[in-house]
Structures are given as C-alpha cells and as structure tokens.
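Please put together the full structure from these sequences, using the hints given.
As you go down the protein sequences, you meet chains A and B in turn.
Each residue of the first sequence is one higher than the one before, counting from -13 in the working numbering.
Each residue of the second sequence is one higher than the one before, counting from 842 in the working numbering.
Hints may contain errors.
[Claimed, not checked] Here are the computed lysine to aspartate or glutamate pairs in the EDC-like style, where the Cα-Cα straight-line distance is at most 16 Å:
| id | chain 1 | residue 1 | chain 2 | residue 2 |
| --- | --- | --- | --- | --- |
| 1 | A | Lys58 | B | Glu871 |
| 2 | B | Lys1318 | B | Asp956 |
| 3 | A | Lys58 | B | Glu1552 |
| 4 | B | Lys1459 | B | Glu1552 |
| 5 | A | Lys58 | A | Asp47 |
Derived from the structure by calculation, the hints contain no laboratory data.
Quick caveat: nothing in here was measured; it's all calculated off a predicted structure.
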Amino acid sequence: MRRHLGELEHVLLLALAGLAPGASGTEIRRVIQTRTGRVLSPGAIYTGFARLERRGYVRSDLGDPTPERGGKRKRLYRLSPAGSAALREAQSSLARLTSGLRARPARRGA
Amino acid sequence: MSRPPAVARMLLALRFRREAREIIVGDLNEEFAELVASGVSERSARRHYVRQALASVFGFGQPDLWFHGMELDVRYAVRTLARSPAFVGVAALSLGLGIGANSAVFSVVRSLVLDSLPVNAPEDLRVIYWWQPRKDARIPELNSTGYADPGSGRGFRSNYTLSEYRALRRTSTDQADLFAFNFVRQVNVSTSGAPATAVSGILVSDNFFRGLRVPMTAGRPLDASDERPDAPLVTVISHALWHRVFGGNPQVIGQLIRVNGQPVQVIGVTAAGFRGMSLGGFFPPTDLTFPLSALEVAAPGWTPGGRSLLIDNEWHWLRVMARVTSRTDEDRLAAQLAGALGQQLAAAGILRPTDVPTTELRLIDGRRGPEPIRRDIEQSLRMVSGVVVVGLLLACVNLAGLTVARGIARQRELALRRALGAGRFRLVRQLLIESLIIALAGGAIGLAIAQWGGPPLARLLTTSQFGPLVVDFSIDKRLVSATGAFCGVATLLFGLLPALRLSRDDSHQLKHRDVGNVGRRLTAGRWLVALQMAISVPLVVGAGLLLQTTRNFGAVNLGFNPAQLVLFRVNPTIGKSVGAVQASMPARLYQDLVTRIEAVPGVQSVAVLENILAGGMKSQTSVTIDGTRQSLLMNAVGPRFFETMAIPILAGREIDARDTHGAPGAVVVNEAAARQYFGGSALGRRFFIGQREVEIVGVAANTRYQNLRTEIMPVFFDSYLQRSAQPGSMRVAVRYAGPAGTLESAIRRAVASLDSALPILDFQSQTEAIDATIAKERAFTRVLALFGCLALLLAAIGLYGVTAQTVSRRTNEIGMRVALGARHRQIVWLILRHVIVLAAAGLAVGLPTAVALSPLVQSLLYGVESTDITTLGVSGVVMLTVALVAGWLPARRAARLDPVVALRRE
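Encoded structure:
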C-alpha cells in the first residue's frame, strides 16, 4: 500500500536530498533551521528518520564516536532510490496542486 | 571542561532505547560543545541542552507518540488543580503523611541494611569466615558471635587468634591486605578538667586504616610504627568524640588523654561519617581506635586464664577482614588461607591432623563490616514497614474516593472533551497527570515529614539495652528515588481506577444529566469506602491488642515498689579508679560509695545489687540442695537491698552488714524457692553454691526477676561481699523521698568526691529500666495507635463524604417522601441503611484479614491472645459506631429538609 508522505517526513527528505550522502542528524537539523526557521528537536529528527528508514526511503550507518560527542556514535543518513522516487512523487503532486494558483496578497489577521 | 547536564540524559532515558539515546545524546553533546566553543555562556548552553532534551521527549511534530501533547496536558492539569486548592491541599497532605512514613522507614532501612561502610571502595572488602566442616563438628569455643547458615545448619564465624591472623596475613601478602580488629565495649576516658566518661573502642592491627581506607579529618592514621615495642601509646579518635569532648579543636592532635587511667596520645581524627565497623547495631559507634599493642590499656580485663590475648592460642578474639583487588583470585586465596589456618589449628591441638584438609574458609562481601543486622531490629523494621505500607494504601484508597467524587462534578467537562474528539487514552492520561502532580506534591511533603519524624521513629525502633543506633536521615539520590517510587505507585493506586471509570465512553451524558448515572458512578466511591474500612480493621485490632498488652504490663504485680527509686552502674575494673588501685578492693569501694550516697539529703536507703529487677538481665548458677544439683536463678545483693526495693521479708532477716567475707555464708530465698525446694520451711536450711555452704537466713516475698513477661521463679539472693571473687561491675539502687529534682547531680557529686576517675554508667529510674525491657511493645503500641486513629479518621471522612453526596443527590426524592408524610426516623433510616451495609461489608472483609494477620504481632503480646474475641468485637463495635456517626450527620440533615425547598430544587 502506498502512503503519501507526511509533512514532517517530506521536510526531512527534502533536507536530506540537499545534502551530500552521509549527513548527520545535526547537519539536517541545521539545514532545516537556517532555511525554514523551524527548530526540530534531536528526538524528532531521530524518530522521523527511524520511521522513514522502516518504510525504506532512507538508509543509515553508524558513524564513529568522537570526543566532542562525549564518546557517542552518530547516525549518518542517505536517501534510498525508493526515497528519491517518493520525494519526486510528493514534489510533483504538490506542483500539480499549486500550478495555476496566483499568489494573493495575504490577508492580515486571518 | 564543561559538562552537559546529566538530568537531561536521564530524561531521555524515559522514552528512548539505548541506541536511539546514544545518537540523540551525541547530537546534543555536539551542539553543546559547539555552543560553548562559540562563546555562549555555559549556563545558557546547558539550558539549551535541557530544553532540546525535553522537546525530544515531550515534543510536538511527532504525531504517533505517546507523549504527544503532554506539555498541554500538564499545563491544563496545573490549571485545573489550581482551581480547587482545598482538594489539592487535603489530598497532598494525606498522601504526604503516607509517603513520609514510608520515606522515614526507608531511611532507617538505608542506614541499617543498605549502606556500606563510609570508606573508599567498600565493595573490595571481604570478611573472612571460617566454616564449620559439618553441622555437628566441634569447633573451639569462641568469645564472640557465631552464625548458623540457615540452609545447611553449618556454623561460620570470623574470629581468630592473633597467631592465626598473622599466619593468614603472611600467606596472603601478595594478593590481599588482611586486617584484624575487635570491639571494646567500654573504655574509661578522662581529659584534664572534665569528668570521666565511658566510650566504646576498637583494637586494630597496624594495617587497619590502610586496608579499610578510612578517610581522616585531621592528624594521621595508625600504622606499623605504632606497633613497635618502644612506641608510645597512641589512639585515633572519632569525629563525634572530637566534637563532644574537644569541641572540634584541631589542637587535639598530640594532646594526652587518660584511657583507663593511662596517658595516651591522640594522633588523628577519623572522618565525620565513620562510626566504626558495626552498622548492624551489635556494637555502639566507635570513639577510640587503638593499636593491638595497646590491648592491656584498652581492655585490661581481657586475660583469660591470666594470659594476654597477644600470646594466647585458644581465644579466637580477632575479626579478620581483607581488602582484595581486581587481580585477586578469591577462590585460590580462600584455599590458601584455609591451608594456613588448618596448620595453625592442628599446631594448637584444636584440629586433628587428619581433619586439616576439611578446613574451609570463605570470603564474604564485607562492605557492611563483619556483622549482619541485629535480628530484633530487623523484625521491628519488617513490622513497621508493613504498617506504613498499609498507611499509604489507606491514604491512596481515600484519595481514590475523593478523586471519584471530584470526577462526578467534572462529568460535563469530560463529556465535552470527549465530544470534541478526545480519545479515552487522552482522558486517562489527563486524569493520571493530575494525580501524579498531587502525588509529587505529597512526595515533597513526605520528604519533609521524613526529615522531621524520622529521628523519633528510629529511636522507637532501635532502642534496647544495646543503646540506640545512629541513623542517617540525609536526603540522597536513593531516598529521593524511593520517595519518587512511592509517588508513582500511589498515583497508579489512587488515580488509575477513577481515571478509567470517569473516562468511560458515555457520550449521551452531555445531553442528559441522568440521575441514575450519577448513582452508578457513586457506587465506585462507596466500595472504596468499604475497602477503606476493611483495611483499617487490622490496624485498629492491632492497636487494641497492643493497648491491652501495655495495660497488662502495667498491672503486673512486681513484688517491689518501683517508685522513688533510681539506679546506676559503676565499673571499677576499667581504669585506675580507687577500687582498681587499692590492690583490687572494689568491695571496699562499693561500701564507701554506699556511705557517701546515704549522706545525700533526701536519700532514704542505698543498696548494691548485681541485676536490676525486671530490668532484662538475670544470673543463674548451679547449686546442690540435699545432694541434688539444681540450676537456680540468683542475684548478688548488699545490705539493705530488701529495704531499698521495698520487698517484704516473710521470715528471718535480710542480708546485712554482718554478711561479709569470712562470716558464715548467708542467703535469702524467695517464697517460690522456699516452697519448691524446702517444703515451705526454708529458714535455717543449708545448701551449697559450688563448694561454698550457705545457710538460709531469710525468706522474702516473690518478685519479678528478669522481666515482666517471665513468671515468678525460685530465686536466691546471696551477699556480694561473701563472693570469693571481687565484685566487678555492680549496680547501686537509691530510694529517695520527695522530688527527684537535683538528686542525680547530688549523687554524681557524691561519687566524684570519692573517686573522680569513676564514671557513672546507665543512670536511670527503676521505672525507666522496666520500660526499656518493653520498649519495642510500647513503640509498636504508639505506631499502631497512631495509624489506627488515622485510619478511622480517614474512613469516617470517606463515609461522611459518600453519604453527604447521596443525600444531596436524593434531595428531591427525600423532599417528596417528607411531603407524603415520611417520618424523621424513616428518612434517617433510608440513608443510614447504606452506611450500615458499607460498614458491615468492610468489617466482613476486615475482621478475617485481621485474624489472618494476627500471628505477626503474636510475639509482642502479653496476657492477650492475638485472636482475642473481645478485642475483635470491641474493634468492630468502635468502627461501626464511627461509621454510624459519620453517616448520621448527613442523614439528620436529610431528615430536616424542608419539603418545599427540597421539591423546588430542579
């Protein structure tokens, strides 16, 4: 059964697509924060990617522990082919929806 | 380097498994390091860290999480609770009492059962136990405690002679550090200017401080240099003694104090927490630590057979413990030590050479020192734990009732939330969060109560003739986690049932305010009240049984007059007091002492005695009456003993001044002895105590001897002045007239005027001495009476609440009935009927429970059976009466309703 991407999943995949394969959770958080202003907690990132990985959209490896991480390992994520396909599909469905819309001036106080 | 906050990591553990936690903590750590490196203050970096950890656990944007929206729930719960401060106050307070009692008991358990010795790396300490090869095998007499393994029945002990200890230590030098010690119960200490006091000491091997790793406050520990034959006498004092006697003055190092009359130099002070090796209560906290070479000064009496224990090969007087390292092969070490011990035992003729291979040693966990917990204390702890757990349970049940009642008032709100799409899970979670907040408030109150009520509780539990134990009530991680656990359990107990009931899916309730429905919901509250009654019954019955026991103790006919009587003990054999100096003439000392005290104003008579009557001690000896050997209770007394104790002399005379050494042997027997052994005419008869022939010069009335529980037994009293051995430690009894006021200080002055180096020990009144023997019973009477009253009060409040609700729900109906001519009595009965059903249901469950639990208190009772019908009956009647009063108040209000007003309501 095919499921559409959730909003958070969509954002995570987009951020991942813009980074080189093997991006860490911290890098992804930073990209989302700088480009959208949205702050996601490390827990949200981790849980989100765990779900994407279960669905086969993302692959991940464990990195080596480093001293600045207090001896903890990190998880490095990359997009899987299925993930790329799902992301393309989501993007184009959004594009189909948005095509023909004219940008209206935003109403204040709505 | 700055470290990220640990609390955040613990928070994450709430929700994430290990791998996820590692990644998330790693991310947080990385950010933290970056923030700190970029010049952000550490404080705000930490705050960021905690906030991100919180967001990770409770955060939004994770729709499938259990924790989704938790933050909102918490906020909402706080707002809701803030609207009913009275409910929250009552709930938190009653829960706080329950939790506080449990936390206080936990503190005692922590000190007496869980704590390790306050030394570095206590987990590497081992006690070296020597195991009996077979259950029936002979092992030599030891001068200290041995224990039996409950499984095999084999005995084991950790006592060795000095030469055995040395052999063990030689064998093990490369693998472990073996150190030895033994307690000295009483040491006489005086400093210049201060009166003599008795403190407890310990004799230790030169490596004791190194092996145990005791931290020091000042000075240096004992070491091998203090064992050299030419070394001066030195001692290390405890932090407690340092403050008690020297006011914490650092100048104490190097100062000379007098120990049993000998000058000894203080070289060090141990750290504040260190109170000696006996955490389980067998020995009082240690004040003075001596090297083994100070044996003759610290324990001058320890010369069995006239030989010093330092050369003796028979008395196994030293406890031996070891500090092992991670490299120690403990099995191999135990085998090697067993071999060494076997050879020593064979050499001393204790073990046959063929039995040497059967010698078995084991290295047992020694982090709590050599002794397990004292059994009487363990038993008390168990029982009190039971009572406080029941107390907490009661508070929870009571609170559950309150929560249900409150929930009924909140039905509309809950129905509204449901109608707006809240799932049952969300509602249950919401209600549970409210309960948890109340429980946490209760926990905070509980911690405060534990701090305040703990010390008296500990005194109650641990009082005995060994003296009270030191219990630590400081708040630490373990106490907080235990209290937290009590809160969690309490939340589930009092919150879950109401939450589940109230969140039931009855969506029509928003439309109909169906009276019948409210009624059904009330049922839960009702049965909770019945349950509360049931739980209270065993507490009330237990309190009743113990109150009767106390009354029975009070009614025991002692046979002497305990009023206006004080007692104290002196021990002239410790220290260079006059008695010891005057070529061992303590008998003279006691005679002089009596004369001095007789001169104190208000004193009527003074007598010397061996054992306090009904004071917990007894002596027994073997006598020969008409050629038959008998074992008889005895008490050594001096002149005017019977007069001082106010024991009637039925025939003949009492022991008096003429019965001294060299005079014909004279004894007084009690009536029971006269009847049992001399056919009633005892006067003038003779018998033998060992080789000594004595004549019965008087018959005294019967008195209690060992304690209040033991029946009247045959006893004889002989003159302490006629004993072949010089008296050691004796008691002095003083009967006085008028108020006790300044008597004690006057007596102390009189003793000091005779010998200022003679400490007065155990000064107490006769009544206090008797009370000490029933301290446990009295403690439990108080604990149970307190909790019993509390339980009754809570049950009464619960019943009142439920009944009042019934009345207000049925106002309409009652108004109708009154309008149709129902009488006052009928209305009261209408309401009270339910109360009686509830109370009866509670009793029906509670009374059998009380009977089933009664064996627990059996050992405390005196003169009353644990299944005493009268007590059960009276408890039942008391509870029923309380229930009826609690129910009658709202019932009366119902009956007085004005029908017009009542009918108008809705």
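### Task
Sort out whether Glu871 of chain B lies within 16 Å of Lys58 of chain A, counting only the CA atoms.
Holds - the C-alpha atoms of Glu871 of chain B and Lys58 of chain A are around 9 Å apart, at most 16 Å.
### Query
Going straight from one Cα to the other, do Lys1318 of chain B and Asp956 of chain B come out at no more than 16 Å?
holds, 13 Å
### Task
Could you grab the alpha-carbon distance between Lys58 of chain A and Glu1552 of chain B and see if it respects the 16 Å cut-off?
Distance of about 72 Å is beyond 16 Å: violated.
#### Entry: Pairwise hint evaluation, Glu1552 of chain B against Lys1459 of chain B, where the allowed Cα distance is 16 Å at most
Distance ~13 Å between Lys1459 of chain B and Glu1552 of chain B Cα, so the pair holds.
### Query
Is the straight-line distance between the alpha-carbon of Lys58 of chain A and that of Asp47 of chain A 16 Å or less?
Given pair Lys58 of chain A, Asp47 of chain A holds - Cα atoms ~14 Å apart, limit 16 Å.
In summary, the structure is inconsistent with hint 3 from the numbered list given earlier, while agreeing with all the others.
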